[in-house]
Amino acid sequence: MSIVAVDPQQSFLWMMEQPMSPRISRYPRTVLATLEDRLVIGDESVLRDIFDEYGPLVFGIARKLVGAEAEDLVQQVFLAAWRGRDRFDPSKGNLAAWLSGITRFKAIDHLRAMNRRPSTPSGEMEDFDHVEPVVDQVVDRMILASALKSLPAARREVVELGFFGQLSHPEIADQLDLPLGTVKSHMRRGLEALQRELRGSRVQP
Amino acid sequence: MSNPEFPNDLSELEEEFGDVMRILAKGPLLTPTETPGPNVWNAIASELGGRVEPVDEEQPPSVLGAAPDGPEVERVVSLDERRPLGRRVAIGLAAVAAIILVAVPVGLALQSSDVDQTADLLALDANVNAEGEAQLRGRELTVDVNGLVTRSDSFYELWLLDLDGDELQDLVSLGPVEVGDDGTFVVPGGIDLARFDVVDVSIEIDDGNPDHSGQSVLRGDLT
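First to last, the protein sequences are chains B and D.
If you use the numbering used here, the first sequence closes out at 205, no skipped numbers anywhere.
If you use the numbering used here, the second sequence closes out at 223, no skipped numbers anywhere.
The following block holds chain B by itself, in its conformation from the complex (with noise of 0.2 Å):
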């Protein structure tokens, strides 16, 4: 038998067209849905299980934004998510990144409702004139560690070497006793993946 390339985007029509190679098998597998794939096909139970893998994350935010209204915000984030969950893509950033996005978002129309600004976590407010970079620092902030935080743990410990603990290439590979190559290749990946939910929290929801 021989097994081609396909791109995932067009499988289902390429798979509809094509002549099926023999399948050999040797061990069972089994599906495991995620939150992403539950969402998109409308599963309603879905919705908890997300508020209680993202809320905290979402509340973090709201917490750091709006203060004593951020109950409301977390309410109106997750109302929009479940209401506009035919938008969310998961091409363009994983869940966390999505919500943070909402969130964003929701979190600058409420302060320019209330007409004021926020005030940042080291109370930095005078040094903005406007509301959207400061909520841009929390959120950036916030998703980035989200991110960092789901990475493989070797890839991430390169990451925190790299820009925490301020190690060149050579001293993290040394240290974490790894080939420098793989040093390279873990800080490139780590960085794609989170430049990837960091631009997903930006996509306007």
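Think of the hints as simulated: they come from the structure by calculation, not from any bench.
Predicted model, so just to flag it, every value in this text is computed and none were measured.
Do not take every clue at face value.
Claimed, not checked - Okay, the calculated beta carbon distance ranges per label pair:
| # | chain 1 | residue 1 | chain 2 | residue 2 | range |
| --- | --- | --- | --- | --- | --- |
| 1 | D | I205 | B | P170 | 32 to 40 Å |
| 2 | B | D174 | D | E12 | 17 to 25 Å |
| 3 | D | D181 | B | P133 | 27 to 35 Å |
| 4 | B | R199 | D | N39 | 19 to 27 Å |
| 5 | D | G208 | B | D72 | 43 to 51 Å |
| 6 | B | F164 | D | G165 | 45 to 53 Å |
| 7 | D | Q117 | B | R188 | 14 to 22 Å |
As the list claims (entries may be wrong) - Counterexamples of contact, computed for chain D against chain B with all Cβ distances above 12 Å:
| # | residue |
| --- | --- |
| 8 | P32 |
| 9 | G138 |
| 10 | R139 |
| 11 | L148 |
| 12 | D197 |
| 13 | D221 |
| 14 | L222 |
Stated by the list, open to error - Where chain D lies over chain B, by a calculated footprint (3+ residues, C-beta under 8 Å):
| # | stretch |
| --- | --- |
| 15 | 53 to 65 |
| 16 | 190 to 198 |
From the three backbone atoms N, C-alpha and C, an ideal C-beta is built for every residue, glycine too.
Keeping the supplied structure of chain B fixed, place chain D upon it in accordance with the hints.
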């Protein structure tokens, strides 16, 4: 020329990842410390008109990192009560599989942490913007795949192939792959890794057929 904005030799990555790097270089990130209270969920449930169930508001919001017997919101109402039987069975099977996939490798990982071989998983179609990496430690294969589109009607599956040139001799499935998460798989003892030295990710439809669909998306040689 290095950019003094970034530490050490990271400057060469600035053109591609400047946004992320500037945020990382600025200092500590922010992590959430609290969960929203049950009243927040109940307000959502109320707004949705009873399509989801409220929870007991006597339970106060929890603080992340609290003791295991702390007032976690998700413990108030059993998820099983909200799920149809079929989904409960599926999730139960998934949980068993997850325990097997996670618990067994964790035990093995205690015995072996050195990477024996790695494979860069590259897209077989130039139009597919995806990639991955596989690391083999003893009989434990850790795979991280990113960029693949996830769909409700299909999933990705990990295989080891025995190829003679481009001709497939044999193959073995190691299980479904979660896009964006690293998964760890145990290579069964009877599989000769000198023969099955190609890591393959295929796209599969949920049709009950456990065999390779014949459609590969990513592939790489273990070296």
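Now the hints, each set against the structure:
Evaluation of the 32 to 40 Å hint for I205 of chain D and P170 of chain B yields a failure: the beta carbon distance comes to about 46 Å. Remark: the range hint 17 to 25 Å for D174 of chain B to E12 of chain D is upheld by a beta-carbon distance near 20 Å. Roughly 32 Å separates the CB atoms of D181 of chain D and P133 of chain B, a value that falls within the hinted 27 to 35 Å. The hint said 19 to 27 Å for the Cβ distance between R199 of chain B and N39 of chain D, and at roughly 33 Å that hint is violated.
Judged by the Cβ atoms, the range 43 to 51 Å given for G208 of chain D and D72 of chain B holds: they are separated by roughly 46 Å. Between F164 of chain B and G165 of chain D the beta carbons are some 46 Å apart, a value that agrees with the proposed interval 45 to 53 Å. Roughly 20 Å separates the CB atoms of Q117 of chain D and R188 of chain B, a value that falls within the hinted 14 to 22 Å. Consistency note on P32 of chain D: stated as away from chain B, yet its beta-carbon is not over 12 Å from all of that chain's, at 3 Å minimum.
With a least beta-carbon separation of about 16 Å from chain B, G138 of chain D lies farther than 12 Å from that chain, consistent with its non-interface assignment. Even its closest Cβ contact with chain B, about 14 Å, leaves R139 of chain D beyond 12 Å, as expected for a residue assigned away from the interface. Not every Cβ of chain B is farther than 12 Å from the Cβ of L148 of chain D; the closest lies at roughly 6 Å, contradicting the non-interface assignment. In this structure D197 of chain D is separated from chain B by more than 12 Å, as the shortest Cβ-Cβ distance comes to about 15 Å.
At the 12 Å boundary, the C-beta of D221 of chain D stays outside the reach of chain B, the nearest C-beta of that chain being 14 Å off. No Cβ of chain B approaches the Cβ of L222 of chain D within 12 Å, the least distance being about 14 Å, so the stated non-interface status holds. Beta-carbon proximity to chain D at under 8 Å applies to 9 residues in the stretch 53 to 65 of chain B; the threshold of 3 is reached and the given coverage holds. Against chain D, the stretch 190 to 198 of chain B contributes 7 residues with a C-beta closer than 8 Å to a partner C-beta. That satisfies the three-residue criterion, and the hint holds.
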